[in-house]
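Each residue of the sequence shown is one higher than the one before, starting from 3 at the first, in this note's numbering.
Think of the hints as simulated: they come from the structure by calculation, not from any bench. Treat each hint with caution, since some may be false.
Taking lysine-lysine pairs in the DSBU-like style, the calculated list, with each CA pair at most 35 Å apart, reads [claimed, not checked]:
hint	residue 1	residue 2
1	Lys167	Lys181
2	Lys10	Lys212
3	Lys133	Lys181
4	Lys212	Lys72
5	Lys212	Lys170
6	Lys8	Lys133
7	Lys59	Lys72
8	Lys181	Lys72
9	Lys72	Lys170
10	Lys8	Lys181
11	Lys10	Lys170
12	Lys59	Lys212
13	Lys133	Lys10
14	Lys59	Lys10
15	Lys170	Lys93
16	Lys133	Lys59
17	Lys10	Lys167
18	Lys93	Lys133
19	Lys212	Lys8
20	Lys212	Lys167
21	Lys181	Lys212
22	Lys93	Lys181
23	Lys170	Lys133
24	Lys170	Lys8
25	Lys93	Lys59
26	Lys72	Lys93
27	Lys72	Lys133
28	Lys93	Lys212
Ranges of calculated distance between the beta carbons of each label pair, as one might list FRET restraints [claimed, not checked]:
hint	residue 1	residue 2	range
29	Ala234	Glu187	34 to 44 Å
30	Arg101	His200	46 to 56 Å
31	Met134	Leu193	34 to 44 Å
32	Asp224	His200	45 to 55 Å
33	Pro62	Asp224	50 to 60 Å
Here a beta-carbon is modelled for each residue, glycine too, at the ideal position from N, C-alpha and C.
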Amino acid sequence: MPLPIKRKEYEAALEPMREELVAMARWARVTGQRIVVIFEGRDTAGKGGAIRAVSDKLNPRQCHVVALGKPTEDEQGQWYFQRYVDHLPTKGEIVLFDRSWYNRAGVEKVMGFASDAQVEQFLDQVPTFEKMLVDDGILLFKYWLGTDQERQEERLRERLEDPLKRWKLSPIDLAARDKYDAYTEAREEMLRRTHTAHAPWTLVDFNDQKLGRLTLVRDLLDRLPDMDVDPAEIEFPDLGREPREETYGVIEPIAEYRLD
Numbered sequence: 003m004p005l006p007i008k009r010k011e012y013e014a015a016l017e018p019m020r021e022e023l024v025a026m027a028r029w030a031r032v033t034g035q036r037i038v039v040i041f042e043g044r045d046t047a048g049k050g051g052a053i054r055a056v057s058d059k060l061n062p063r064q065c066h067v068v069a070l071g072k073p074t075e076d077e078q079g080q081w082y083f084q085r086y087v088d089h090l091p092t093k094g095e096i097v098l099f100d101r102s103w104y105n106r107a108g109v110e111k112v113m114g115f116a117s118d119a120q121v122e123q124f125l126d127q128v129p130t131f132e133k134m135l136v137d138d139g140i141l142l143f144k145y146w147l148g149t150d151q152e153r154q155e156e157r158l159r160e161r162l163e164d165p166l167k168r169w170k171l172s173p174i175d176l177a178a179r180d181k182y183d184a185y186t187e188a189r190e191e192m193l194r195r196t197h198t199a200h201a202p203w204t205l206v207d208f209n210d211q212k213l214g215r216l217t218l219v220r221d222l223l224d225r226l227p228d229m230d231v232d233p234a235e236i237e238f239p240d241l242g243r244e245p246r247e248e249t250y251g252v253i254e255p256i257a258e259y260r261l262d
């Protein structure tokens, strides 16, 4: 296996793409285009890092990350897609789903949280649901992030041992360790049923997470239409006086952090 890409190489390659992502956001705002990007994949594959690579330099009022938790009792009584519909973008917005309605074809199926009938109904309905989104003008991109089980084990162990990453480790993650093959089978069935001409899947190798992010972001940008929209003209006149220093009357700032 080739050596992982180095941080400096990664940042150098990503920087021009960040400028293109900002251009994408400007284009969406000016044209009113709605964009939805779905991030699915193995536990520990790197969905969070990929989402940050896309969203890091974008206005959070325009680019929204949606990571829904376990359905509430009320949501369990709704049409399955209903709670996701509430988070779809309005004009000029970008929505990044950190897991999505495809939970039903993945973790819910493998871990037994949904019945066979529920999974089958989902797989029957989702192509029609996504066709409705696309026909209404939404640009829909679906990414599945893959990683070998050896890499998955390394990352799970890292989460266990690193106090800054421990929050990422859940009982479901540990329970899924011996279900690697079951997740593969569920993914393949999902792809057979939901990889359509109007909403195709794109699979990205995330054994090297930095390289995976670069691959995903480049693919996303290359699949968008011409985004050449000039920034709005903003006048920035001279201040006309010497800049003032900050002053305080009622309350003083706290003591600065000491580096020694």
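Tested hints:
no.: 1; hint: Lys167 <-> Lys181; in the structure: 22 Å, holds
no.: 2; hint: Lys10 <-> Lys212; in the structure: 11 Å, holds
no.: 3; hint: Lys133 <-> Lys181; in the structure: 31 Å, holds
no.: 4; hint: Lys212 <-> Lys72; in the structure: 29 Å, holds
no.: 5; hint: Lys212 <-> Lys170; in the structure: 19 Å, holds
no.: 6; hint: Lys8 <-> Lys133; in the structure: 40 Å, violated
no.: 7; hint: Lys59 <-> Lys72; in the structure: 29 Å, holds
no.: 8; hint: Lys181 <-> Lys72; in the structure: 20 Å, holds
no.: 9; hint: Lys72 <-> Lys170; in the structure: 15 Å, holds
no.: 10; hint: Lys8 <-> Lys181; in the structure: 32 Å, holds
no.: 11; hint: Lys10 <-> Lys170; in the structure: 26 Å, holds
no.: 12; hint: Lys59 <-> Lys212; in the structure: 17 Å, holds
no.: 13; hint: Lys133 <-> Lys10; in the structure: 41 Å, violated
no.: 14; hint: Lys59 <-> Lys10; in the structure: 18 Å, holds
no.: 15; hint: Lys170 <-> Lys93; in the structure: 33 Å, holds
no.: 16; hint: Lys133 <-> Lys59; in the structure: 30 Å, holds
no.: 17; hint: Lys10 <-> Lys167; in the structure: 23 Å, holds
no.: 18; hint: Lys93 <-> Lys133; in the structure: 18 Å, holds
no.: 19; hint: Lys212 <-> Lys8; in the structure: 8 Å, holds
no.: 20; hint: Lys212 <-> Lys167; in the structure: 18 Å, holds
no.: 21; hint: Lys181 <-> Lys212; in the structure: 26 Å, holds
no.: 22; hint: Lys93 <-> Lys181; in the structure: 40 Å, violated
no.: 23; hint: Lys170 <-> Lys133; in the structure: 34 Å, holds
no.: 24; hint: Lys170 <-> Lys8; in the structure: 24 Å, holds
no.: 25; hint: Lys93 <-> Lys59; in the structure: 20 Å, holds
no.: 26; hint: Lys72 <-> Lys93; in the structure: 28 Å, holds
no.: 27; hint: Lys72 <-> Lys133; in the structure: 26 Å, holds
no.: 28; hint: Lys93 <-> Lys212; in the structure: 31 Å, holds
no.: 29; hint: Ala234 <-> Glu187: 34 to 44 Å; in the structure: 51 Å, violated
no.: 30; hint: Arg101 <-> His200: 46 to 56 Å; in the structure: 21 Å, violated
no.: 31; hint: Met134 <-> Leu193: 34 to 44 Å; in the structure: 20 Å, violated
no.: 32; hint: Asp224 <-> His200: 45 to 55 Å; in the structure: 19 Å, violated
no.: 33; hint: Pro62 <-> Asp224: 50 to 60 Å; in the structure: 25 Å, violated
Hint compliance for this structure: hints 6, 13, 22, 29, 30, 31, 32, 33 are not met, and every other hint is.
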